[in-house]
Amino acid sequence: MKYAIVIEKVPGSNYGAFAPDVDGCVATGDSVEEVTRLMQEGLAFHFEGMHEDGLPIPEPTSQVAYVEVAISAPVNHDVPAL
Numbered sequence: 059m060k061y062a063i064v065i066e067k068v069p070g071s072n073y074g075a076f077a078p079d080v081d082g083c084v085a086t087g088d089s090v091e092e093v094t095r096l097m098q099e100g101l102a103f104h105f106e107g108m109h110e111d112g113l114p115i116p117e118p119t120s121q122v123a124y125v126e127v128a129i130s131a132p133v134n135h136d137v138p139a140l
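Heads up, the sequence shown is in the working numbering, so the first residue is 59 and it goes up one at a time.
None of these hints come from the bench; they were simulated from the model. Watch out, some of these pointers could steer you wrong.
[What the hints assert, rightly or not] Taking CB as the label site, the calculated pair distances span:
id, residue 1, residue 2, range
1, E92, M59, 16 to 24 Å
2, A128, G82, 36 to 44 Å
3, M59, A131, 36 to 44 Å
Remember, it's a predicted structure, so these values are computed and weren't measured experimentally. Ideal placement from N, C-alpha and C gives every residue a C-beta, glycine not left out.
Based on the provided sequences and hints, a complete structural model is requested.
This is the structure:
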């Protein structure tokens, strides 16, 4: 099965990732490639444990889409979002 993962750049040079459909399964890595690999391995391990405990494996239901947004003013990345 394919699960959506969200990859975020975190302060410093690391990346963090999580799967919206799977509570409690997260990973961090030095690159997008590393954090993607770690999430794949982590999800497989997480599901093995759930199976052993007799818990249902969550269905992948999240979808990913991108939208373009016109920005009329320069973006200031130093200002925290509200």
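We went through each hint and held it up to the structure:
Between E92 and M59 the beta carbon distance is about 22 Å. The supplied range of 16 to 24 Å therefore holds. A hinted range of 36 to 44 Å for the beta carbons of A128 and G82 is consistent with their spacing of about 38 Å. A hinted range of 36 to 44 Å for the beta carbons of M59 and A131 is consistent with their spacing of about 42 Å.
This entry satisfies every hint, going by the numbered hints stated previously.
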